Structure formats: structure tokens, C-alpha cells
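Trainee: If you want the building blocks of each chain, they are given just below.
There are 2 protein chains.
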Amino acid sequence: MKKLSRRSFLASTSLATAAVALPVPVDLEKGKKNVFIHHVYFWLKNPKSEADRAKLMEGLEALSAVPTIKMCHIGTPADTSRGVIDSSYAVSWLCFFKNKEEEEVYQTHPIHLKFIADCSHLWDKVIVYDSEGPKR
Amino acid sequence: MKKLSRRSFLASTSLATAAVALPVPVDLEKGKKNVFIHHVYFWLKNPKSEADRAKLMEGLEALSAVPTIKMCHIGTPADTSRGVIDSSYAVSWLCFFKNKEEEEVYQTHPIHLKFIADCSHLWDKVIVYDSEGPKR
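Residue numbers (our numbering), protein chains in the order written: chain A, 12 to 147; chain B, 12 to 147.
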């Protein structure tokens, strides 16, 4: 288990040079511990349209080029069904940023504005959860 | 930007040997592309209790020892406030697993059962989003 705690940062910074080409979620080079997580869930206007889902995922693929994104992942609901699980959304978009400022750069980046212009007609609802940590 | 796509996996697998000690979210050694993302948001029974929030985060810290967790992160709401953002939760718990089977191991692991026994009295509501990808 690799956890984004101060402990694992300290343990891993010595390998920072080897890590720059890997999908690491944080700024290992500077040994900083904060990570800003932006997780967006999309519900489609046409929830049964696989074509619309594919278009949205294609848009997210293009969106992933925003340079302040440290790591991102495009997902769809997993095949799990306990009572607390919400699997009603169509697409999950998870991004890691170094901090709030870099997420703000993403929000107004031309690639993001193009994504909204190209794809916002596809979704009916969006929920965003932004989190940061560890803050202890 | 490091994206969990087939492309970046292929690009990064040659560095797998150097990567094993880093907080990488996927099984680079085997070059597999799937990742199972389990994201849980907790709302406290006493939302203003910093002590309860700290207890929950301490419980999650212990929970992070479940061996099938590839990477995890304990977060609190970021200081963002656009209309689509839900910042009403108290704690975010994000875990990466190799696949659904490894997440099922986590669900029934003694460490997880102990976490539920120790901490479930603290929360009022939980929403879980499980996602997998890329599936394209």
C-alpha cells in the first residue's frame, strides 16, 4: 500500500529523479505533501446513449492535456451494488493537482473551456467533490 | 500530465523496476491498464466536531494498512465553491485497487471490519462511488 502521507513522501523523495516519467500523483521532486483532488461525476442527458458517453469520454481524453493536471483517470461505474454506492452516474473524471492554484489554472485553461463548449450539451447533471490533504 | 491510459502505461512500463517504491496507482510491473477507484465521502453525525473528524481520519489512517490498497488518500473539502461543487461532506477517502476482486478483499478484511466497528458511530451518511477504467 502506498499512501500519500508525510511518511511515504519522505520515504520516496530519494527516488524522485527516477519518478518523473511515471504517473505519480504529487510533486515528488519538491517533496511536498499536499494534493488537491478534483473528482467529477457526470450524468448524461441521454443516459442510455453509449454514443454520448463515448463523446464525453473523448472530450475528457482531450481535456487531460491541461498541463497542471498531475494525474487523471476517466472511469465508468464499477459492477458493485451495496446500498451506499451511487452507480447512477455515467462517467467519472478524477484529477490530481499540486494545489488549489493549479486547479484554478485548469478551470480557466483554453483546453477546459473548449471541453465545456464541446461537451456540456451531453450532460444533465454534474457533481464535483474537491478535496485536499493530508492536513493533519 | 500523467494519465492512466494505455498509452502512458506502455510508455512507463520500462521504468517499472524503478517505480516499485513510489505511490503509483496501478500495477506497473505487469503493465495492466485497469484501475478500480473507490471514493467514499463521509458526513459526520456531529458535523461541527473537529474531534469526531479527527477520530474518523485516524480510523482511515489505520484502514490504509489493508494490503490490497495500491494507493489511498484522506482528504477534507477544499476551499472551492462553484455551484456544482458539493463541499458539505467532512472527509474524503480515496482508494485505488488493481481490480474489483482486490476491492472485495478489502471490504471483508479484518482491518476494514475493525474500522467499521470503531468508527461507524461517527458518521451520519456515506456515499460511495466505485469506478473502473479505462474501458475503451
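No lab work stands behind these hints: they were computed from the structure.
Wrong hints could be hidden among the right ones.
Identical chains share a label here; the pair holds if one copy fits it or two copies do between them.
[Stated by the list, open to error] Think about it this way: if two alpha-carbon atoms lie no more than 25 Å apart in a straight line, the pair counts; the simulated DSS-like pairs of lysine-lysine are:
| # | residue 1 | residue 2 |
| --- | --- | --- |
| 1 | K111 | K59 |
| 2 | K44 | K125 |
| 3 | K109 | K81 |
| 4 | K56 | K109 |
| 5 | K109 | K44 |
| 6 | K109 | K59 |
| 7 | K44 | K111 |
| 8 | K44 | K81 |
| 9 | K81 | K125 |
| 10 | K81 | K59 |
| 11 | K136 | K66 |
| 12 | K136 | K44 |
None of the values given here were measured: they were computed from a predicted structure.
Trainee: Which hints, by number, does the structure contradict?
Mentor: Violated: hints 2, 4, 6, 10 and 12.
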